Structures are given as structure tokens and as C-alpha cells.
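Engineer: Sequence:
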Amino acid sequence: MKYRPEIDGLRALAVLPVIFFHAGFDFFRGGFVGVDIFFVISGYLITTIIISELAEGKFSIINFYERRARRILPALFFVMLVCLPFSLFWLSPLYLKDFGQSLIAISTFSSNILFWSESGYFETASELKPLLHTWSLALEEQYYIMFPIFLMIVWCLGIKWILILLTLIFILSLGISEWGALYHPNAAFYSLPTRGWELLVGVFAAFYLKYNDYLKSNSLNQLLSLIGCGMIIYSIVVFDSQTPFPGLNALVPTIGTGLLILSAVPNTLAHKLFSLKPIVGIGLISYSAYLWHQPILAFTDHVILGEVSNLLILFICASSFILAWFSWRYVEKPFRDNSKVSRSFIFKFSFGGIIFFSLIGQWLNVIDGGLKFMPLEQKRVFSRFINPANYASKHYAKIELKEFDKTNDKRDILIIGDSFSQDLVNAVFEAEMDEIYEFSSYYIPVKCGVLFVENKSDRESTKISCKEKSFYDINLQELMLIADEVWITSEWTRTDLEYMEMSIENIVQINKNFTIFGSKSFGSVSQEWYEQHEVEQWSSLIVEESDIDLYKNLFALNSSIENIVTSLGGNFINTQKLVCNGENYCQNYLEGDIISRGGGHLTPYGAKILGFNLKKLYTGL
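In this note's numbering, the protein residues as written are 1 to 621.
Treat each hint with caution, since some may be false.
Unchecked claim - Derived lysine to any residue pairs resembling SDA-like cross-links, with alpha carbons at most 20 Å apart:
no., residue 1, residue 2
1, K608, D434
2, K512, I564
3, K210, F64
4, K512, M502
5, K160, K210
6, K402, K379
7, K394, W363
8, K577, G600
9, K58, P185
10, K608, I564
11, K608, L590
12, K210, V280
13, K2, L284
14, K447, L284
15, K348, K372
16, K467, Q477
17, K372, I149
18, K410, N511
19, K2, F89
20, K398, P445
21, K469, P185
22, K160, K2
23, K577, L617
24, K512, D484
25, K402, P445
26, K2, K372
27, K447, K379
28, K410, E432
29, K379, W363
To be clear, the hints were calculated from the coordinates, so they are not data collected in a lab. Predicted model, so just to flag it, every value in this text is computed and none were measured.
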């Protein structure tokens, strides 16, 4: 395969936005599309090699896997190894256990599935994970395992039928991707079925250039390559974390990359730009730079709590490239050299690394990130953070859309809301209120708004995804109609006040017996806070200065909601005061346990307090 320096230059265009995006520079708010550029490049390069060797009858699956192992694993294992001691010294039990799970997932080529199950890519918690970025490597590794075998099987069908099959897979994958971006964004972002079509853009480019010459019109190549550059730059600058992705939006950077691969030929401006030695140099070390940047940024966030200066961030970004050059020079290059590292050694090294990091990861998992070695009092508190066991939704699924049993004498209560309604459900179960009342629940995502009004979102994607999860759902309305009482709760905002009256008026048309529960917050509650303070300080009533405005706004919000609700004949319950025993705020640490592990959602202990006081309010018991 003839070397194309502009492809390495294109790698530079991929890695730089990713690094600056993760570093938090607003101009690169769409920098995550750099990964999509890498996908297209990988699809192109890998397919070019495979189909050339298949055409010559020289393709070997063992040789292919050997080349991939040489390319990916040495640098990856080196970064993982370096990260290990820093993780042991700097990460709290919660993040250390997560780190251990990451080691296992990376070793089994499944880190994309792990991070999909944990949290969204754009969530703040994700920024603190040193190995979050390996999700894209896992996805490519899955592609490397399956795609060569697929081509070997279908090669006998001929190029025409291969392209037809690939086109059908492309359309199916793109369709699933668009649907997932709207309705299941986390799954769509991390999974191969929703990303596979991006790799196929590069695959199609490889097939075209294998059997066709470059376009002979220099002016057309100039135009297409400039359009390709423009599409990539547009997506980097305009896209952000709120852009439904991947889906159809991902066509912009991927098609742009495909156009550059096809048209950035000698004498074009794009070729001259991407062939510049400094840009090619960045491209050559781009893989190592990608590997290094996330751990450095994540460890910085763990060590330096609070704001980090732009100067320091730029230094961190620069250090990523310094480390990248080192690992490229002394790890990547030697392992790619057949004369220095034999096939036998590379396979032994690969399997050995997989086993080693899997065992280390399992050990960190077994000890709960070091939690088992803590004193009892600390262990109880930290376990709330490290082992939440999806507590927020623990009881919810049992009663979601449950039909009321009209054969008993229990009062039927329907609980509606976002994740705060899950807290409320946990509270009634912790207080054993389910023995007195019969409960059913209905979940409305917070982004949809827990209001009986038309969705007011400016984003069409939100309107579409919320269409089936709202008060307009006929299944919900049927439950509301037969319920003896309806409880509604949410993480209310000032914007919700504008539509609260209209919402209640619509609710009353179905069921007049309703209760609105106020919002709640317990301030800046984090594991880091408990790590920074002695155990003796935990029981002190400390209100962080940054939380004062939060509490003031919360009190005012709940007061406004109460006025609206009571004026319309409804019942209002101040959840905050129920948890805090009549006060507007309270200490998070009480009697050896914590109320909340995130400032908003309740721990089992917090749910017991809410449930007990709610039961007392309703029954006097």
C-alpha cells in the first residue's frame, strides 16, 4: 500500500479537536467528532490492506491480527501500566473500583459496553475516568475481529454483491444510529451497530480507490477536498453535547473525511496542508497522543479540585504530545518492527498483558477500590458512593404501570415523575407504606418535563423522544382516572413555574385528588468532601458558600409552587422539609450514615427518613 502523508495529516485533524474538547475549550465543543474521523480512516486503511491481499490470494487472518496487535496493544498496555500506580495513590475507592472495571473491560475489548452501562459520555462524572476514551478502541477492535472474516466469507461473491451487502448494512446501521441518537443516546454513542456505518464510509472509499483512479479534474478535487474540510470544521465548531449523535448528524464529519480521502490528491490545497511535516508529525503520534490525553486530564481533575487555569490546561495538552512522542519512539515503533519483535513474542505479550490487567482489575473490584480496608464508620459512608446498586430505581420497576387491584380496600396512589419520583417510591417502601396503600408508578424523563402541557423544548429530537413518555400517554391517563390519589414530583425548575398552573388545570380534568411534591437538594455532596474532612467534622452543619444561593433559590421555588398548587385546590408537600425534619436544609451526615450521595437523590437512610415522616403525615403512625 502506497504511503499517503496526507492521511497522517488527517489523523492530526482528528486528534487535536478531541484533546481540546476534553480539555474544555469552548471553540472545540464539537471536538468529539475527531473519533468519527478516526473511524473513517481506520475503515479505509484496513479495508485497503485486506482487499489488496484478498485479490492477490495472500490474505492471512493470523497476519492481520498480528499487525493489529502490534499497532494497538503495546502502547495501550504501556499507558495502562503507567496509570496504575497513579490510580492507586490518587483515586478514591469509588473511582479506583471503576478503574479496575475499566482494566477488565479494555482487556476483553468491551470498554464501550462498560462505559455505556455506567454513564453518558458528556456527563461530568465521565471526565474523571482515566480510561474513558478507550471505548473507541474497543469498538474498532470489535470491528477488526468481525470485518476481515466477513470479507473472507463473501469474497467469492464478487465485488458487485459485496458492495450491495455493505450498502444494506450501511443503511441498516445508519437507521439504527439515527433512531438510537433520538431515543437511546448512550447506547447509540457507544455501540458498534450504531457506529459501524462510519467505518463503512472508509470501506467504500477503499473499494472505490482500489478499482478506480483518482478524479482527473484538479478543480473538482480542489472543490471536493475543500468541502470535506469545511464539513469537518463545521461539525467541530457547531456541534455540541446537545446535538443528537451519532445518527444523521455524524454524516457531516464522516462524509467530509471520506471526501478528503478521495480528493486530497497532490496539487490540491488540502494535500499540501495535510502533508506539511509538522502536521504529519502530529498524525504519526496521534494514536499515542489520544491514549495519553484523557488519563492526564482525569488525574489533574482528581488532584486539583476546582477551577484549573487555561495555562495549566494548555501545558497538560502539550504534555500529552511529549509523552506521545516518547511512547511512539520507544514503544510503538519497536513493536512494529518484525526484526526486533517476533510474531511469537507479540502474541505471548498480548495474551500476557490481557491476563495481567484482567487480574489487577478483578483484584481492585474484589476489594471495592480499597473500601474493605477502611474503618467501619468510613466504610458505611463511602459504600453509599461506591455501591449504590442502582438504588434510585430499586423498587420502581416493581410497580411501574402496575394495575390497581380493586378487590382490596387499600387506597390506590399513582406516583408520577422523573428520578425524584424514584426517591419517593423508595421512601414509601422503606417506611412500609405499601402495606397500607397500593402504589403504581409512571416515569417521565427530566428532559421531557413533568408537566401536563405540550413539550416546550426547542430541540425537535427532545420532542420526538418525549412523545411517548408524557401525560398524554393514554396508559398513564387510564391509571390517573382510576387512582384514588395522584402524587407528582420532579426536579422542578423556575421555567416549570410558567406552565405549572396550566398543567394542574389539565390534571384536574382527570383526577382532582392530587399532591405536588416540592423539589429537594442537599448541596455539594460528594465523596471528595468526605475525603477532605475528618470524621469528626462530618456531623457538623456546614453549608458551603457555593450552596447558599442554591438553597435560597430552592426555598423560593418551593414556596412559589406551593402558592400555585394550593390556589388551585391541590395539596403540596415540601419534600425538603420532610427530610430535614421541618427545616429548609440539614446536615447530610446523621447518626453514622448519609442522606444523599449526590446532593439530589436519597440513600436508603435518606429514603427511610422521608418515608417515616411521610407516613406520619398521612397516617399519624
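Engineer: Are the hints correct? Go through all of them and say.
Structural biologist: Tested hints:
| no. | hint | result |
| --- | --- | --- |
| 1 | K608 to D434 | 13 Å, holds |
| 2 | K512 to I564 | 15 Å, holds |
| 3 | K210 to F64 | 19 Å, holds |
| 4 | K512 to M502 | 14 Å, holds |
| 5 | K160 to K210 | 13 Å, holds |
| 6 | K402 to K379 | 37 Å, violated |
| 7 | K394 to W363 | 27 Å, violated |
| 8 | K577 to G600 | 14 Å, holds |
| 9 | K58 to P185 | 41 Å, violated |
| 10 | K608 to I564 | 29 Å, violated |
| 11 | K608 to L590 | 12 Å, holds |
| 12 | K210 to V280 | 24 Å, violated |
| 13 | K2 to L284 | 16 Å, holds |
| 14 | K447 to L284 | 42 Å, violated |
| 15 | K348 to K372 | 34 Å, violated |
| 16 | K467 to Q477 | 14 Å, holds |
| 17 | K372 to I149 | 45 Å, violated |
| 18 | K410 to N511 | 18 Å, holds |
| 19 | K2 to F89 | 46 Å, violated |
| 20 | K398 to P445 | 18 Å, holds |
| 21 | K469 to P185 | 16 Å, holds |
| 22 | K160 to K2 | 25 Å, violated |
| 23 | K577 to L617 | 12 Å, holds |
| 24 | K512 to D484 | 9 Å, holds |
| 25 | K402 to P445 | 18 Å, holds |
| 26 | K2 to K372 | 56 Å, violated |
| 27 | K447 to K379 | 34 Å, violated |
| 28 | K410 to E432 | 13 Å, holds |
| 29 | K379 to W363 | 18 Å, holds |
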